[in-house]
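A.B. asks: Produce the complete structure using the sequences and hints provided.
Chains A and B supply the protein sequences, listed in that same order. Quick note: the first sequence uses full-length UniProt numbering, first residue 1, plus one each step. Quick note: the second sequence uses full-length UniProt numbering, first residue 1, plus one each step.
Source of the hints: derived by calculation from the structure; they are not laboratory data. Only true hints are included.
Calculated cross-link-like contacts (lysine to aspartate or glutamate; reagent style EDC-like; alpha-carbon spacing at most 16 Å):
no., chain 1, residue 1, chain 2, residue 2
1, B, K69, A, E327
2, A, K364, A, E449
3, A, K267, B, D302
4, B, K238, A, E234
5, B, K267, A, E301
6, B, K479, A, D207
7, A, K69, B, E327
8, B, K79, B, D163
9, A, K267, B, E301
10, B, K267, A, D521
11, A, K267, B, D521
12, B, K267, A, D302
13, A, K238, B, E234
14, A, K479, B, D207
15, A, K69, B, D330
Now the stretches of chain B that chain A is said to cover, found in silico as 3 or more residues with beta-carbon under 8 Å:
no., segment
16, 172–184
17, 279–289
18, 486–492
Where is the CB? At the ideal position from N, CA and C, for every residue including glycine.
2 protein chains.
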Amino acid sequence: MEDKENSKSENQPSKNALKKAQKEAEKAAKKAQRKLEQQAGDAAVAEAEQPDVSAGCYGSYGLMRSAEKVDRVLHEVEKLDSTCADTELWLRGRLHTSRAKGKQCFFVLRQQQFSVQAVLAVSETTSRQMVKFVAAITKESIIDVCAVVKTTPNKIESCSQQDVELHVKQVWVASASEARLPLQIEDAARPDTDDGLATVGADVKLDNRILDLRTSTNQAIYRVEAGIMRLFREHLTKEGFVEINTPKIISAASEGGANVFTVSYFKTNAYLAQSPQLYKQMAIAADFGKVFTVGGVFRAEDSNTHRHLTEFVGLDMEMAFNYHYHEVVDTIGRMFVNMFKGLRDNFQTEIATINKQYPAEPFKFLEPALRLEFPEAVSMLREAGVEIGDEDDLSTPNEKFLGRLVKAKYDTDFYILDKYPLAVRPFYTMPDPNNPKQSNSYDMFMRGEEILSGAQRIHDPNYLTERATHHGIDIQTIKAYIDSFRYGCPPHAGGGIGLERVVMLYLGLDNIRKTSMFPRDPKRVTP
Amino acid sequence: MEDKENSKSENQPSKNALKKAQKEAEKAAKKAQRKLEQQAGDAAVAEAEQPDVSAGCYGSYGLMRSAEKVDRVLHEVEKLDSTCADTELWLRGRLHTSRAKGKQCFFVLRQQQFSVQAVLAVSETTSRQMVKFVAAITKESIIDVCAVVKTTPNKIESCSQQDVELHVKQVWVASASEARLPLQIEDAARPDTDDGLATVGADVKLDNRILDLRTSTNQAIYRVEAGIMRLFREHLTKEGFVEINTPKIISAASEGGANVFTVSYFKTNAYLAQSPQLYKQMAIAADFGKVFTVGGVFRAEDSNTHRHLTEFVGLDMEMAFNYHYHEVVDTIGRMFVNMFKGLRDNFQTEIATINKQYPAEPFKFLEPALRLEFPEAVSMLREAGVEIGDEDDLSTPNEKFLGRLVKAKYDTDFYILDKYPLAVRPFYTMPDPNNPKQSNSYDMFMRGEEILSGAQRIHDPNYLTERATHHGIDIQTIKAYIDSFRYGCPPHAGGGIGLERVVMLYLGLDNIRKTSMFPRDPKRVTP
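C.D. replies: In structure tokens form, the structure reads like this:
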């Protein structure tokens with residue numbers, strides 16, 4: 001919406017219309033301001049007969065239009081503790097809840113994951129009018145509070161800041177919420193296990209995502225998500241990877257047209273990329289050596305499961321290696337271990353916040369990461385009574401069961417499964433030179449669910465053609481892919497990670513819609 | 001291409017077919033290997049009558065399938081200098097050029113931005129056969145070289161490593177290129193100003209992007225691009241911003257359907273997002289405070305200019321402020337200054353490499369960034385003889401001319417232009433409360449071209465409705481946008497940056513297709 005040239009192309013009104021428009025704008029602004037100030041006014045009028053000792057200490061700012069610069073520091077709720085006792089400070093936050101009780105008003109001020117109790121009582125310096133005004137502020141309004149911090153004798157269990165409360169001196173409404181909320185933040189933040197208390201359905205939450213995202217849980221989940229992206233990129237950058245951008249609009253449906261979204265592209269059709277793999281491999285053929293890319297990936301699968309989205313964020317990497325694809329497997333393993341350490345060490349607050357609503361076992365991992373070979377997995381499953389052939393792929397239930405066996409035996413929630421049967425992998429997978437039934441390919445798992453699939457790719461155009469033909473693929477449809485390797489290409493391997501799955505499984509959540517800020521599935525494209 | 005479930009859904013061949021397939025795969029692999037070894041074989045056969053003193057010191061690896069792990073360190077061309085003199089080491093690189101001269105063969109080994117000269121001559125320890133073999137290796141093949149580093153008396157002007165050369169002991173082909181190249185790397189890397197020598201047209205380069213991207217210039221450009229993304233994110237993360245992901249598939253065409261790509265979405269239609277603005281603002285209304293997002297942005301504009309792409313990478317940010325939108329303007333200004341410092345200090349090698357092909361003046365900036373107000377710009381243009389009304393928008397030529405005036409007066413290639421006329425900005429722009437003809441909006445410029453457009457947004461649903469109505473917009477089409485502000489929203493401002501434009505203008509390049517690895521415009525969706 002910000003391209004100036006777009007806005008230029010709008011029909012421009014005439015000069016007279018403009019003048020009229022400006023007058024209307026001014027009128028509109030004044031009207032809006034009046035409406036916002038009315039609340040304060042009402043309170044004042046009602047008590048007009050008695051002098052208001054709190055006059056000038058409460059009210060509404062009106063619409064904040066940057067009329068002037070204010071030299072005032074706003075403090076963070078997160079930082080409020082007993083070291084702040086008896087200091088006076090300003091804070092801005094949401095009115096989370098409020099409760100008037102005779103001449104007192106208790107309310108909770110919320111800021112992202114954090115909250116603090118505030119108290120206001122009629123006194124020599126605080127008028128009845130002010131208490132009434134504050135008690136009438138709608139929940140979810142944004143308010144500025146000036147208060148003295150006081151330690152409390154008993155811990156305040158309902159707030160994140162349990163040792164202090166605010167003794168309020170001023171309250172100003174910065175932005176008022178409508179009174180009727182489509183959902184209550186406390187209900188949306190309640191564990192499903194709290195029997196008898198209201199919870200909010202998944203669709204109601206997503207339909208009112210702006211409110212739902214305000215829960216401490218969601219504030220924490222999306223900070224963890226940002227952290228995972230950062231840890232992924234920082235580690236790979238340190239290891240010499242170059243970040244690239246790959247196009248999402250592509251000319252040919254790479255998988256033969258199945259599960260691909262079609263885009264109208266001027267006078268022709270194009271498609272949305274199902275993966276950046278071709279482009280990552282082109283970057284390798286173009287000498288970038290080690291590359292990663294983070295971006296949207298699109299799958300037109302009509303899957304309505306707990307772990308499928310039609311649009312998700314791919315964390316993709318591809319790397320030329322010197323002599324053996326395990327150089328790449330080890331690099332990816334190190335990246336994950338580093339990510340898990342970073343989360344464990346720097347996101348304790350977020351993880352604790354999330355666990356309050358969604359309890360989960362802490363995520364366990366080994367350093368270096370555990371790497372098993374496919375035949376070992378088959379043996380473990382057979383020993384546990386599962387019937388499985390040597391060259392069968394793992395079904396989703398078998399993957400989960402294997403995850404539990406691995407956890408019991410090795411005490412890790414993350415492992416790498418190497419050397420998949422050649423028969424169950426795509427045509428571009430390099431066969432294992434030492435065992436014709438195996439391939440140089442691997443999946444990686446978190447809590448028993450696959451989060452990365454990867455392989456050494458065939459980098460020779462003739463061999464790639466033969467393998468594709470063997471798979472019954474029409475060579476013409478993948479000509480551009482094959483041609484990428486005609487002018488010399490280093491041996492390489494890589495993999496693609498689904499960001500939302502990693503967040504879901506790391507936190508032990510049960511649905512991928514909890515880790516996509518605005519999820520897309522076959523039934524949902526809003527908000 | 002890596003979703004296992006996709007590959008599972010392929011028709012699986014029968015067991016017999018699988019066995020047959022594996023045999024074929026083995027045969028194919030052997031055949032491929034034979035073909036690759038043939039070159040070495042041919043050379044050996046031709047000279048079979050005389051014993052080959054270099055036997056075992058040259059040849060081809062065959063297809064590299066990770067058959068075994070090799071414990072060998074490969075050195076980087078970039079690190080080769082006189083301190084390495086007389087050491088023997090292994091390197092892998094492209095055969096950039098080679099020239100046989102009697103019993104000698106000179107060749108250049110290239111690695112990304114760097115190159116070194118190598119020499120091989122028939123001697124007691126080097127056979128005629130080996131020299132012949134090396135002289136016959138096709139350009140762009142990837143080779144492993146074992147060599148002793150020697151200092152040279154005269155600088156080698158044609159290579160990046162000018163003080164040393166390699167005295168070659170072994171040469172192995174890791175991946176052979178086809179002999180006929182659709183373009184020569186040297187031609188693609190030549191400055192347009194080198195009269196009389198071959199250059200390569202822009203379309204030929206893009207059609208053969210894998211080769212074109214191998215030029216030192218492109219190796220450097222895309223490292224600068226990765227650096228800009230990193231500097232953007234690192235700085236904002238340090239300033240407390242949270243990275244978010246916003247959907248690219250959206251349900252409603254936000255700008256009334258103009259310039260929007262339509263996507264077939266199961267049984268209905270959806271659209272590709274023209275900007276993440278609505279979602280950034282929703283994140284602000286949902287208490288994330290300060291957010292940024294990096295991702296694809298799609299514009300179905302039929303513009304075939306030097307600076308328009310149909311798909312580009314948006315670096316977007318949005319920030320709740322306390323009292324004045326200049327808090328945001330200052331934050332964005334600091335981010336740019338930090339980015340320019342990071343590029344200046346950490347990317348000298350890349351910038352120097354790029355300047356060899358595309359000479360440009362070094363990018364100048366002030367700290368803190370220069371901020372002008374719109375009326376000052378109008379005065380400067382008028383003083384220079386341009387006719388412009390107080391409330392006219394800047395045309396593209398006027399923007400460029402203003403850029404030159406600002407550079408002459410303030411010696412900076414970057415500046416912020418604040419307080420645009422209200423009449424030329426979109427409906428959601430906050431009017432200036434102190435001047436009804438102005439707005440709380442700004443553009444930012446690099447070398448006279450706009451690279452960011454932003455504003456304080458109206459965060460009150462009633463005022464937003466009035467402004468939209470005034471602009472003649474059907475309120476129903478933007479209902480979801482307006483409703484985002486019903487439950488309290490802090491005042492906020494932000495902006496969107498086009499990554500490829502920033503790279504182009506920072507480096508002083510003349511076309512945005514030079515800074516998009518796989519550019520998309522109305523006429524190009526390949527490769």
